[in-house]
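There are 2 protein chains.
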Amino acid sequence: MTGLSVLDEATAVQRVGGGWYQVRPDPRFAIVAPGGAVPSAMNGGVMVATALRAVLDTSPHPYPVATSAHFLRVPRLEPAEVEVTWLKQGRTAATARATVVQDSLPVLEVTVTTGNLPPDPASNGELSWTGEPPRLPPIEECVNLGHWAGTVGPDGTAGYAAQVDLRLDPATTGWRRGEPAGIPEMRGYFRLREDRDPDAYLLALAVDGLPPVVFGLGAAGWSPTVELTWHMRAVPAPGPLRVATRCRHVSGGWFDEEAEVWDAAGRLVAQSRQIARVGRSSRARDPA
Amino acid sequence: MTGLSVLDEATAVQRVGGGWYQVRPDPRFAIVAPGGAVPSAMNGGVMVATALRAVLDTSPHPYPVATSAHFLRVPRLEPAEVEVTWLKQGRTAATARATVVQDSLPVLEVTVTTGNLPPDPASNGELSWTGEPPRLPPIEECVNLGHWAGTVGPDGTAGYAAQVDLRLDPATTGWRRGEPAGIPEMRGYFRLREDRDPDAYLLALAVDGLPPVVFGLGAAGWSPTVELTWHMRAVPAPGPLRVATRCRHVSGGWFDEEAEVWDAAGRLVAQSRQIARVGRSSRARDPA
Numbered sequence: 001m002t003g004l005s006v007l008d009e010a011t012a013v014q015r016v017g018g019g020w021y022q023v024r025p026d027p028r029f030a031i032v033a034p035g036g037a038v039p040s041a042m043n044g045g046v047m048v049a050t051a052l053r054a055v056l057d058t059s060p061h062p063y064p065v066a067t068s069a070h071f072l073r074v075p076r077l078e079p080a081e082v083e084v085t086w087l088k089q090g091r092t093a094a095t096a097r098a099t100v101v102q103d104s105l106p107v108l109e110v111t112v113t114t115g116n117l118p119p120d121p122a123s124n125g126e127l128s129w130t131g132e133p134p135r136l137p138p139i140e141e142c143v144n145l146g147h148w149a150g151t152v153g154p155d156g157t158a159g160y161a162a163q164v165d166l167r168l169d170p171a172t173t174g175w176r177r178g179e180p181a182g183i184p185e186m187r188g189y190f191r192l193r194e195d196r197d198p199d200a201y202l203l204a205l206a207v208d209g210l211p212p213v214v215f216g217l218g219a220a221g222w223s224p225t226v227e228l229t230w231h232m233r234a235v236p237a238p239g240p241l242r243v244a245t246r247c248r249h250v251s252g253g254w255f256d257e258e259a260e261v262w263d264a265a266g267r268l269v270a271q272s273r274q275i276a277r278v279g280r281s282s283r284a285r286d287p288a
Numbered sequence: 001m002t003g004l005s006v007l008d009e010a011t012a013v014q015r016v017g018g019g020w021y022q023v024r025p026d027p028r029f030a031i032v033a034p035g036g037a038v039p040s041a042m043n044g045g046v047m048v049a050t051a052l053r054a055v056l057d058t059s060p061h062p063y064p065v066a067t068s069a070h071f072l073r074v075p076r077l078e079p080a081e082v083e084v085t086w087l088k089q090g091r092t093a094a095t096a097r098a099t100v101v102q103d104s105l106p107v108l109e110v111t112v113t114t115g116n117l118p119p120d121p122a123s124n125g126e127l128s129w130t131g132e133p134p135r136l137p138p139i140e141e142c143v144n145l146g147h148w149a150g151t152v153g154p155d156g157t158a159g160y161a162a163q164v165d166l167r168l169d170p171a172t173t174g175w176r177r178g179e180p181a182g183i184p185e186m187r188g189y190f191r192l193r194e195d196r197d198p199d200a201y202l203l204a205l206a207v208d209g210l211p212p213v214v215f216g217l218g219a220a221g222w223s224p225t226v227e228l229t230w231h232m233r234a235v236p237a238p239g240p241l242r243v244a245t246r247c248r249h250v251s252g253g254w255f256d257e258e259a260e261v262w263d264a265a266g267r268l269v270a271q272s273r274q275i276a277r278v279g280r281s282s283r284a285r286d287p288a
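The listed protein sequences correspond, in order, to chains A and B. 1 is the number of the first residue of the first sequence in the numbering used here; add one for each residue after it. 1 is the number of the first residue of the second sequence in the numbering used here; add one for each residue after it.
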C-alpha cells in the first residue's frame, strides 16, 4: 500500500506542544443526513479514534485497553483541537484524559487507559477463557447495506457510509422493510471499503458500527450516543470483523447497546457498552 | 431514622469552593487485608460514590446516568479532595469530570453524565423493553458470606465487609471450598447491614459488590479494577438488590466483569462493565 489509508488520514493529529494536537475532521467520515443535506456532523467513532491517536502518540503502552467516551456536543466538520493530559503512567497501565474542543467548547471527553495485550497464542499457562462467539451466517448470505440513503451529499461529498462495508445477518434486518424482529439485536460483518487491516482505530468505529439496536424494536431515526466505553482485548487479525450487539433495557428515552467484536481468526477483540437516546422519528429507516 | 446512615456519613463531601470538595475516607469502608493488617486502602465503590456526591451537589439533573471510573492509584485511608469540572450542562444531560486527589496525585478519575430517569411505571406509550432477569434462589437458600476473613483489623476497626450483607447463590460458591464451577458467573443479594434504602450511592457499591467473577475459574486474590463504567437505569425500590455478574474473556492478565443490578420490585436498575487484573494468588479465598 502506498501512502496513508483514508482512515489513517481522517484520524491524523498534528502535535502542537503542551499536550495539544490540531485535527481536521475529514468530510469522508462525516454523517450525511438522509435527503442529501450538506454534511456537517462527524461520525462519533472517528472522533474517538482521533482522540486515541493523540493519546497513543505519547503513551508508554501500545494499546487502548479501556476507552470511556462522553459525547457532549455534536462534533462538526470544522477544525478541532485535542488536549491530552496524562494522569498516571505506570508499569502495567497508563491513563490519560483527552478532550476534543471546537470553538473553545469541549465536544468529546475521552478517558483512556493504555496497556499491553496478550500475544497470540496465549502464553505460559496463565488463566485464559472465552465465552461463546456470536453465530453469523456466511458473509455472502448477509444483507449488504450498500451506500445507504444519504451517503452522497448534493455537493458530491461522500460521507461515513461510503467508507464502511456493512453486511447484516438477514435475521436482524426486518426493520428495513417495516417488520422489526421485536428483539433488540444486530449482527453483521464490518470492514472498510478500502484495503486496510483492522487495528485499534478501526475497532473504535466497529464498536458503534451497526445500526442502532433499538431498530429491532421498531424505533427509528438518529440515536445519539451519550456515553460509550469500549475495551480492546486482543490485536485483531486481518479480515472482516464480526460484530454482535444487544440491548438489555429501554425506558425513559434511554437505551443501552452492548457490542462484541470478533476478528476473522475467531478471537474476541473488543467489547463495548453505550447508553444512547431513542430516536424521535416514527418509523425505522436506513441509518445515516 | 435519626441522623445520617453509615454510608451517607462515609461518602460525605464538604464544599470548599471553586469546584473543590474535601472528603475524609471512612475506616468503616476500608479494605481490611486478610490476616488482619491495619486497614489502609479504601473500597473503590465508596470512593466512586463519594465523587458522585460531589458531582450531584451542583448537577442540574438528579441521577448519574453514566459513570466512567478509571482507577489510577489505590485510594488510601487519608484525607482527599475532589475537583469537579462541568464540561456541559444541557437540558437532557450534563457531564462533569471529577478527580479524586490524595497528596497532589489523582487516584481516581470519574466522568459522570447526569440526567433524568423514567417514572415508574413507564409513561405515555414511549418505547419500553427489558431483557430476562437473572434467576436467583430465595435469599434464605443463599450462602451468607458473613463478616468474612479480614473484616476486623487488629486495632478493632471493622472494614467494608462488616458494612455489607452478601448472600450468594450456592451454585456460584464452589470456589470457597476449592471447587470452582468453571464458569465465570456470580449471583447474589446485596444490601447494607444497616437499615438504609438503596439509591445511586449504594448502586455504585453494588455494581462491584460480588467476589471477582474469575473466582469461578479458580483465580484467587485481589483483582484490582482498572476501569469500571456503570449506568443507572431506574431509581431502586426498597429491599435487597439482586446482582448477577458474568465475564466474556480472560487473557493476558486482564478480565472483564459485567454486572446487572435488579431491585426488589423486579426492575433492572443498574448495569456495569469493568476491566480488571487477574489476582496473583494461587488459589481462591474469601474476598477482602
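Please keep in mind that the hints were generated in silico from the structure rather than gathered at the bench. Any given hint could turn out to be false.
Stated by the list, open to error - Okay, the calculated bits of chain A under chain B, using three or more residues with CB under 8 Å as the criterion:
| no. | region |
| --- | --- |
| 1 | 57-68 |
| 2 | 129-137 |
| 3 | 223-235 |
We treat Cβ as the ideally placed atom computed from N, Cα and C, and that holds for glycine.
Okay, the hints, checked on the actual structure:
no., hint, result
1, 57-68, "holds (count 3)"
2, 129-137, "holds (count 3)"
3, 223-235, "holds (count 6)"
Checked against the numbered hints above, the structure violates none of them.
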